[in-house]
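Here the structure of chain A is known, so what remains is to put chain B in place on it, guided by the hints.
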Amino acid sequence: MEMAVSLMCQFTAEPGSIRGLIHDAKAGDLAAFEQIVTRYERIVLRIARRLLADSELARDVAQEVFLRLHGKLGKFQEGKDLAPWLYRMTVNLCHDLRRRSKPSVALDLAPALRDAALDPEQAMELLQRQELVAAALAELSPREREAIVLRDLEGLSTAEVARVLRSSEGTVRSQISTGRVKIKRFVMAQLGRRR
Amino acid sequence: MSVHVSEEILALYVRGDLPEHDSRSVARHVDECQDCKQVIADISFSYEIFTNSLNDPTAAELATLRSAVMGKLRADAAESRSWVWLFAAAASVLLCLAALIWRGERQELPPMARLPRPGPPAVMPPPEPPIATPRTHVTQAPRKRIEPGMCAATLITKAGQPAYLKMSTSDPNVVILWQLEENEKVATP
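Taken in sequence, the protein lines are chains A and B.
The numbering used here numbers the first residue of the first sequence as 1 and each following residue consecutively.
The numbering used here numbers the first residue of the second sequence as 1 and each following residue consecutively.
Misleading hints may appear alongside valid ones.
As the list claims (entries may be wrong) - Within a straight-line C-alpha distance of at most 27 Å, the following computed BS3-like cross-link-like pairs (lysine-lysine) qualify:
hint, chain 1, residue 1, chain 2, residue 2
1, A, K75, B, K72
2, B, K158, A, K26
3, B, K72, A, K72
4, A, K26, A, K75
5, A, K72, A, K26
Stated by the list, open to error - Beyond 12 Å from chain B on every Cβ pair, some chain A residues (computed):
hint, residue
6, G20
7, D60
8, K75
9, E78
10, G79
11, W85
12, E121
Unchecked claim - Covered by chain A, according to a simulated footprint, are these stretches of chain B (three or more residues, beta-carbon under 8 Å):
hint, region
13, 34-48
14, 59-65
15, 73-84
16, 89-103
Because the hints were derived from the structure by calculation, they are not lab data.
Just so we're clear, the structure is a prediction, and the values are computed from it rather than from any experiment.
All residues carry an ideal CB built from backbone N, CA and C; glycine is no exception.
Next up, chain A with everything else stripped away, as it sits in the complex:
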């Protein structure tokens, strides 16, 4: 959740260094653009993975997000924050990709497990939990999933989620509420703790 909190701070106010990097990148400085990529790559890739449940597709989407950012830097107003634009572009590209391709359920989690320093029992438990979460996410509609990922996993406020999804706060609140209830029912059913 620490990451989510720091992310929320980025959303509301970006430091001057990022604006300087944007300025330099607009002037054609690729090293400055690489620093921008380094700063935001984790967020973009994580959202794409959670929305698409596929590491390969998520990497393609993240790559496309940064290439489009570079292509649109000339039109980007330097005073504006970059994070909302990146969130929106990531969500939209994932949305378009999901519409074109078959819905996937399984989340590719192997890389995360390989790097985690866990004993076999812990790794098995984590894998089971991750599969459970992936299956729970698959239960949600695309809009519910986007709202839940941005609000509960990325830690954005309801108002910020509404801005990213270009929707009203009331609609987003309804999507979050429905999504949380679906996840709760799914998890309880899978774990045998049905009320």
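Chain B only, in chain A's frame:
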């Protein structure tokens, strides 16, 4: 306590997504309702599993992504640079050709063709209106009329020099000197 709060409302209440007024009333109800407390506990449990089970992308995945993005951008930049050089070379060749053609045409032109074009005719200012002045009587002396024609001619001779015929006219400012040839004679009236 006959009416429970809906799961959807409780799902918002758990994470503080309800407006302040609604949140207070739900809190009052939940304090006294064991069923709603259990729903909240289940939602919190599933939420914990949900949020803590997904890992961040690994460093290797991030490096792969960054390398792919920057590699593509650098390749595009190199390609565009080569196009710029190509265009610059083509433009300089065209420029040289144009200069050669222009120079050739310039040498074939007649001299008059190179004269600068005359400028637009000078516009004369409109005549100023006459200033009305009081009339004065001025008496002018009658002009002396000079009759055209020769008045006198004098032959000037000096030893060792050619002879001159000096002819004065009716205009005192005009005197004609005629140098005579050696064998030329002047018929005197």
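Here is what the structure says about each hint:
The straight-line distance between the Cα atoms of K75/A and K72/B is roughly 21 Å, inside the 27 Å bound, and the hint therefore holds. A threshold of 27 Å between alpha carbons decides the hint, and for K158/B with K26/A the separation of about 101 Å lies outside it, so the pair is violated. For a cut-off of 27 Å, the pair hint linking K72/B to K72/A stands: about 16 Å separates their Cα positions. Distance restraint check for K26/A and K75/A: the Cα-Cα separation of roughly 9 Å lies within the 27 Å cut-off, and the hinted pair is therefore satisfied.
Distance restraint check for K72/A and K26/A: the Cα-Cα separation of roughly 9 Å lies within the 27 Å cut-off, and the hinted pair is therefore satisfied. Its beta-carbon lying about 19 Å from the closest one in chain B, G20/A satisfies the requirement of being farther than 12 Å from that chain. The claim that D60/A lies off the interface is violated: its Cβ sits roughly 9 Å from the closest Cβ of chain B, which falls inside the 12 Å cut-off. Listed as a non-interface residue, K75/A keeps its Cβ farther than 12 Å from every Cβ of chain B; the least gap is roughly 17 Å.
Listed as outside the interface, E78/A is consistent with that label: its C-beta sits roughly 20 Å from the nearest C-beta of chain B, beyond the 12 Å cut-off. At roughly 24 Å, the least C-beta separation between G79/A and chain B is larger than 12 Å, which holds for a residue marked as non-interface. Here W85/A stays apart from chain B, with its beta-carbon at least about 16 Å from theirs, past the 12 Å limit. Distance to chain B confirms E121/A as a non-interface residue, since its nearest Cβ pair spans about 16 Å, more than 12 Å.
With 7 residues bearing a CB less than 8 Å from a CB of chain A, the region 34-48 of chain B meets the requirement of three and the coverage assertion stands. Chain A is given as covering the region 59-65 of chain B, and this holds because 6 residues of the stretch bring a CB closer than 8 Å to a CB of that chain, at least three being needed. Closer than 8 Å: that is the beta-carbon criterion, and the region 73-84 of chain B has 3 residues meeting it against chain A, so the requirement of 3 holds. Residue count for the region 89-103 of chain B with a Cβ under 8 Å from a Cβ of chain A: 0. That is fewer than the three needed, and the coverage hint is violated.
The structure fails to meet hints 2, 7 and 16 from the earlier list, while all remaining hints are met.
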